[in-house]
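Peer 1: These are the residues of each chain, in order.
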Amino acid sequence: MNGMYPSTFSTCSREGIPNTTVISQVWYVDEEHIALSFQFFSKTRRNISENPLGYLSIINPMTMDMYGLEIEFVRSETEGDLFDDMDMKLQAIASMSGMEDIFELKAADIYKVHHIKDINL
Amino acid sequence: MDGKLKEIEKRKEQERLLERKKREIELIKDVSGQINKTLDIDSIAQTMLELMDKHFGFEHSMILTLDSNNETLSVLATHGYKDRGIGAKVRVGVGVIGMVAKRKKLMRMANMRMQMNYMHAVKKEVIKSNSDKVKETVPLPGLKDVESQIAIPMILDEELVGVFSVESQKLNLFDKEDELVITILANQTASAIKHANLYKLEQERLTQLNKAHSELADLNQNLEKKVEERTSELVELSKKLAKYFSPQVYESIFSGKLDVTVKTQRKQLTVFFSDLQGFTELTERLEPEILTELLTDYLTEMSKIAIKWGGTIDKYIGDAMLVFFGDPSSKGYQEDAKNCVAMASEMIEKLSRIRNKWLNRGVSKTLNARIGIHSAVCTVGNFGSQDRLDYTVIGNGVNLASRLESNARANKILISEDTYLLIKETFTCIEKESISVKGVSYPVKTYEVLEKMEPSNVKTQPINKVMPGFSLKYNPSELSDNDTAIKLVSDLLKRLEKQKSLND
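Quick mapping for you: the protein sequence lines, in order, are chains A and B. To convert, note that position 15 of the first sequence is 15 in our numbering; the numbers rise steadily by one, no gaps. To convert, note that position 317 of the second sequence is 438 in our numbering; the numbers rise steadily by one, no gaps.
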């Protein structure tokens, strides 16, 4: 799952206005958790802070199978192995494009996975 | 049925794991064995990359080592690239390899192309508002359209030695299970490279040391040679200089007994003066070349004799010679005076031989020397300025010796009374007319040296006794009428005896 194909993440504001964005990386944390990188203040971040539930669709790059994940924001990590790992990869890519001063991992956002749906059927 | 299937599945999985472990151990053995065979860094790196390809199918890999500035990495070895790219640089902190070097942590990157596209898209947006923060895209060594990359820090004693990087255009390179063994191999390579580096440094130092050693040896040899050259130059020079000094003076200066400074002292000396009678006339009659030869011959022979008797040759003035005894070394006044007279006698003897030699060569004008000797207290030492010194003797004594010389008969030695008193026990002399000398208020008594007294030649010794009422002068060499002399003496003897008996 790490560094997979672009995924789409859908969130919803307090008023019930949905928003879908493309995210480049979804991180496997453990059997019940995934992590998303928090780099910019965005509509997604604002929506999550108002309503922690979201819907993530991802693709297994090996099989091209698609899955839908119902997830809920748990916490933001700004240090630790996971944060370091995400930060390192972000910096590697950013520095290759001369963007290391722009891209900065603000936090690793941990989400609990409530339900996985195989959407290939 | 279901349970049995699961059992078989489980066993298969275990077998697979066991097989894998076996392969890993073999791999580690293989790599370790190969890279420890050599201390050549390039071949260590190359071996490592080839073995990685063999075991894991890593078609494109490279090893970079950290430069001594700790800011960049250099490509040490590559495998599977068209352009080998050895020496290409990567900044620490830039790109996958740079980040791995910075964080010293393994990194696996997948779908890099997509991420880069995303990054470029963001860059286009950002550049509009934040252009000052955006830098140029950095060209990095490696594949063009790399899809996945794994970079492993090569660490030894917690220090980064380099980075091992594998690239692929495929999506996923290898699974997490392989990470451990690859990390072990990377660190093993780090260790081998470090050792090889140390060995290389040691070798370089050894080479430098050897070079320095041989340079030093060369220098030493040169120095020795130079010192030898200079020494022989000095020896040569001092030999030349020796000719300008009397051996005693030369010896004194070079042994350090006589300081070469302006320093004089009063000393009892015996001064010898000689010149050739009618030499000026000779200079008008002889060719300069012959004259030079003649003079050199004469002075050389005379100097040899002077040196033999321990005289200090003060100077040559044309055909004249000034020699003194008593400085820098003295054997006592009397001995000095005797040696001086002995020297003069030998010179006259030698001169008669030289004379004959030159007569045979057609120099008809005979060579005749006049010699004057005087013993007196003189001032001797280094005269002159700080820059130019002359070791010489001055004083009335020198003038008197010169005066005696000009009053001497041809091939005779005329001495003063002062000298006579010192040598009369050894040499037979006859008194000559007194001379008056400028600066000396009284007439100076002079004596002519006849010969050296030897026990065997008592017969030939003259008698010269004077007392009131009686004077006896007898010179065997001048006496020709012996009979008359005997009659005179026997008559005198009879008369003396008769007078004695009368007085009694």
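A few of these clues could be false.
Below are the SDA-like pairs computed for lysine to any residue, each with C-alpha atoms no more than 20 Å apart in a straight line [said to hold, decoys possible]:
#1 B:Lys436 <-> B:Lys553
#2 B:Lys244 <-> A:Asp81
#3 B:Lys244 <-> A:Met88
#4 A:Lys106 <-> B:Arg224
#5 B:Lys150 <-> B:Phe177
#6 B:Lys225 <-> A:Phe38
#7 B:Lys223 <-> A:Val22
#8 B:Lys360 <-> B:Thr421
#9 B:Lys471 <-> B:Asn460
#10 B:Lys223 <-> A:Leu82
#11 B:Lys225 <-> A:Val22
#12 B:Lys244 <-> A:Val22
#13 B:Lys321 <-> B:Ser189
#14 A:Lys112 <-> A:Met88
#15 B:Lys244 <-> A:Thr78
#16 B:Lys533 <-> B:Lys553
#17 B:Lys223 <-> A:Asp85
Keep in mind that the hints were calculated from the coordinates and are not lab data.
Peer 1: Could you tell me which of the numbered hints above are not met by this structure, giving the numbers in increasing order?
Peer 2: 1, 2, 6, 7, 11, 14 and 15
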